[in-house]
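A.B. asks: One-letter residues, chain by chain:
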Amino acid sequence: MLFDALLLQLGYNATLVAIGATLLGVSAGITGTFLFLRKRALVSDAVSHATLPGVGIAFLVMVALGGDGRNLAGLLLGSAVSAGIGLWCLNWLTRNTRLAEDAAIGAVLSVFFGFGIVILTVIQTLGVGRQAGLEGFLLGSTAGMLWNDALVIAGGGAAALLLIVLMRRPMTMVAFDPEYAAARGISVSRIDMAMMGLVMAVTVVGLKIVGLILIVALLIIPAVTARFWTERSDLVVLLAGVAGGVAAYVGAALSASAPNLPTGPIIVLVSFALFALSLLFAPNRGVLAAVLRHIRFQRQVHLRQGLLAVAQEQLIYEPLTLRLLRRHGLLRADGVPTEKGRARAAKALRDEHRWALVRSDQSHEAAAAMYDGLRDIETVLTADQIREIDTLIGGPKEVSA
Amino acid sequence: MTLELARENGIPTATDGTAALKQSPFAIRGLTVSYGEKPAVFSVDMTVEAGKMTAIIGPNGAGKSTLLKAALGVVPPVSGRVQVFGKPLDTQRARIAYVPQRASVDWDFPTRVIDVVIMGLYRELGLLGRITGRHKAAARDCLERVGMADFADRQIGQLSGGQQQRVFLARALAQGADLYLLDEPFAGVDAATEKAIIAVLKQLRAEGKTVVVVHHDLATVTDYFDNVFLINTRKVAEGPVSEAFTADTLQAAYGGRLATAQVDQLGVAPVLGGAY
Amino acid sequence: MSGSEFVPLSLTPLLIGVFAAVACALPGNFLLLRRQALIGDAISHVVLPGIVVAFLLTGVIAAGPMMFGAAGAAVVAVVLIELIRRLGRIEPGAAMGVVFTTMFAGGVLLLEQTDTSSVHLDVEHALYGNLESLIWLDATGWASLVDPVALSYLPPELSRMALTLLGVLVFVTLFWRPLKISTFDEGFARTLGIRTNMLGLALVITAAIAAVAAFDAVGSIIVIAMFICPPAAARMMSNRLEGQVGWSVVFAVVSAVMGYVLAGYGPLWLGASDAVSAAGMIATVSGVLLAVAARFGPCRLRSGAPAGV
Chain H
265 MLFDALLLQL GYNATLVAIG ATLLGVSAGI TGTFLFLRKR ALVSDAVSHA TLPGVGIAFL
325 VMVALGGDGR NLAGLLLGSA VSAGIGLWCL NWLTRNTRLA EDAAIGAVLS VFFGFGIVIL
385 TVIQTLGVGR QAGLEGFLLG STAGMLWNDA LVIAGGGAAA LLLIVLMRRP MTMVAFDPEY
445 AAARGISVSR IDMAMMGLVM AVTVVGLKIV GLILIVALLI IPAVTARFWT ERSDLVVLLA
505 GVAGGVAAYV GAALSASAPN LPTGPIIVLV SFALFALSLL FAPNRGVLAA VLRHIRFQRQ
565 VHLRQGLLAV AQEQLIYEPL TLRLLRRHGL LRADGVPTEK GRARAAKALR DEHRWALVRS
625 DQSHEAAAAM YDGLRDIETV LTADQIREID TLIGGPKEVS A
Chain Y
71 MTLELARENG IPTATDGTAA LKQSPFAIRG LTVSYGEKPA VFSVDMTVEA GKMTAIIGPN
131 GAGKSTLLKA ALGVVPPVSG RVQVFGKPLD TQRARIAYVP QRASVDWDFP TRVIDVVIMG
191 LYRELGLLGR ITGRHKAAAR DCLERVGMAD FADRQIGQLS GGQQQRVFLA RALAQGADLY
251 LLDEPFAGVD AATEKAIIAV LKQLRAEGKT VVVVHHDLAT VTDYFDNVFL INTRKVAEGP
311 VSEAFTADTL QAAYGGRLAT AQVDQLGVAP VLGGAY
Chain D
15 MSGSEFVPLS LTPLLIGVFA AVACALPGNF LLLRRQALIG DAISHVVLPG IVVAFLLTGV
75 IAAGPMMFGA AGAAVVAVVL IELIRRLGRI EPGAAMGVVF TTMFAGGVLL LEQTDTSSVH
135 LDVEHALYGN LESLIWLDAT GWASLVDPVA LSYLPPELSR MALTLLGVLV FVTLFWRPLK
195 ISTFDEGFAR TLGIRTNMLG LALVITAAIA AVAAFDAVGS IIVIAMFICP PAAARMMSNR
255 LEGQVGWSVV FAVVSAVMGY VLAGYGPLWL GASDAVSAAG MIATVSGVLL AVAARFGPCR
315 LRSGAPAGV
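Chains as they are written, first to last, in our numbering: chain H, 265 to 665; chain Y, 71 to 346; chain D, 15 to 323.
Bear in mind the hints are in silico, worked out from the structure with no lab data behind them. Remember, predicted model here, so these are calculated numbers, not experimental data. Errors might be hidden in some of the hints.
To be verified - List of simulated lysine-lysine pairs, DSS-like, C-alpha gap at most 27 Å:
no.: 1; chain 1: Y; residue 1: K122; chain 2: Y; residue 2: K265
no.: 2; chain 1: Y; residue 1: K265; chain 2: Y; residue 2: K206
no.: 3; chain 1: H; residue 1: K303; chain 2: Y; residue 2: K108
no.: 4; chain 1: Y; residue 1: K272; chain 2: Y; residue 2: K122
no.: 5; chain 1: Y; residue 1: K122; chain 2: Y; residue 2: K157
no.: 6; chain 1: H; residue 1: K611; chain 2: Y; residue 2: K108
Use the sequences and the hints to build the structure in full.
C.D. replies: Given below as structure tokens:
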């Protein structure tokens, strides 16, 4: 069943949902990356919650004009308008008052959403009815997706992608270093507006499939996932699109393959799974890699400090240092250094003196910058240079037995 | 960070022997602090002399602030131990006053100058003690000492950099500590503030308190301080200004980035030769 | 309106609304100053999976297990957010976004999977509550306030909310000083020996408990409004922490009362017959108050550079 779903063999509705979801996942992943790089990830939460009053008001307007209140294009237009107003309020609050951005986000989010709920209950009482269709915008409702709906979503998603491709360079530059971008003549505020416009477009498009509460997940999680795999911002953008698309496709397929698996939540959970795997196992930034690196680093520090202490005949207190020295055969069980230990210790002390000389000499400035307390001087200077230094500080001596 | 001195000998100090160590208001052994895998401070030992003013100096990014912060437990170290007046840090907190860098604080916070100084009395007041007239008077006294008595009711965000620094110092004075640790108190302040602050610090020294300052201005070291501690990730030198603040130690700490003319201007004693 | 209408139908919802608003606004002041305002956002989204899990484990819709479930979910969320923030070196907003959306999605999924035909546990209720239904039918008028029989039929949400408010008041009063000092200057607080990490966690947990208790009355999303809008509006009315907290209580009470009244009677005044969502109206009113304060508040402009700028 799952295989059939993955191969789009499960029928018209399922295929529509899968394609729409994938387009949504890719564009949300990419758009969200710019927000994430600008450290404004939760602005998407405010934008998505601010769509609710617009949906309700659009419904009322369309009904008042005699039409079917649930025309998707109309509802999405309404949602875009109120999201735009929400964004404007957010910017106004941040710029003109002492409130920080997170407070402005929370305020816009909750107030607009609360107002939207009021309108929903108004619709309820008017009995114009079937506002269950509107409540579907909260969590998404993919059952019985119409061809027109799918067209709207696909069209919106594709348009967003096109805009992203066209503007990816200035957007990446602004996300990475806005001051530099401004110095290059890029209008940072215009690009920011375009970015927010894209966020709004993606949000609005995603309302039908995953609903306003979960669209935030699609904007944030793929971007964070991608961040673990690379340090280059253009690659983060690409990988986020991939992560979003894959999660959306697999999620939609999973959801179609069994009953009682609502599309929106499943997509979010799949993207979280990708995130968790990346958090733990990504080669550089992943947790496993970091833990291993830290343990190694701690060992090196303690070993080095221990050797220097031995060379200077100082007392060693830290149990970890003693353990490591013993394990490497540099210290005997009774705390007396072995021959190997004394040799290594002398070398360590000599290296410290060499480094001290290097760091005080301007002609070795580049080498001096590489000093981190652990580095072997042989990796930074040539044998000739080291010999030269040794003549200044006196050559290496035999370690007495 | 607990510690017990297992043996009397074998612990080197900058001045002499273990008596100094036990009396030292602030002693650090083997402190290493890193951000990620880059050590900011590596295996540093420090013994501060009681009743003197000590400057911690070194190039930018040399770990001066990090040294203080790690020693006080504000950031976690990779290794190392700290003794305050011969005892573990946590038991002696009442005797330490720390004046952080101004940039680390939210100056938009809704509080007045006098309230900030009263924060220094927290140890006395505890969770629920009432702030009486006595406390307010004590706070005003401290503000008086730094020349900020007229600003007591001002909101802190309305102050200039120098004024903010003086308020921080007043807060430290309110703590009635024996050891004062200040992080770049003269950075970005006007000349009048600098004079006021150094006057207060010298007063503290006259009262027998110990003052340690992370300092950025080499030109004033010989005028203001008794001892120096030079650091550039590792300790470079430690001791009285006349011995430890020399052309050679400065070269070693600043990696030859100080031109000879600059060093001459500092009026330091050149040390002839140099043994390693 | 007479006592015989007001007391049974409006008194208890009003009181519950007011208690909930104030219980959230109080810790919200500190969350705001610590730039942690959106923890409220995170907590209110994870309340849903908390109560679903509690329902799954106990099989009943009862207040006790639900509160525990919600509180447990809040703690799990906070821990996960902190973990992801540190381990992944991710900025706090994104870490929050990852955790609470996933937990919320999990909650919705669980809800769909379980057989809820026998009990009514719908997402919409969790989102915006049902304040209007917390009425005191056994009251007959003002006299019922001293009638022990009638008092025994008070809606349990009232005493729960009152107790929670009391707990929040105790916490804020007891830890006023360390909260103030550590929010203003964390490094200094640490050197005084204040356990700033524990205190921060305690603050968030207190906020979570307030959110969980209020959730029954006003639903989870509206709780965010109460965490943020009254303190934010108050921030612009005063330059002293004491003043800010005082104003936030005033604004919280006004939002709750006006919101409830407008939701219940507004439509009537406009000629319609049914009430609209009280919770939504409370949030809207708090937003209007914030807008007015933002435009006209005496202390609305920044006076100093915030930390990190």
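A.B. asks: Each hint should be assessed against the structure and marked as holding or not.
C.D. replies: Going through the hints against the structure:
no.	hint	verdict
1	K122/Y with K265/Y	holds (18 Å)
2	K265/Y with K206/Y	holds (26 Å)
3	K303/H with K108/Y	holds (25 Å)
4	K272/Y with K122/Y	holds (9 Å)
5	K122/Y with K157/Y	holds (20 Å)
6	K611/H with K108/Y	holds (23 Å)
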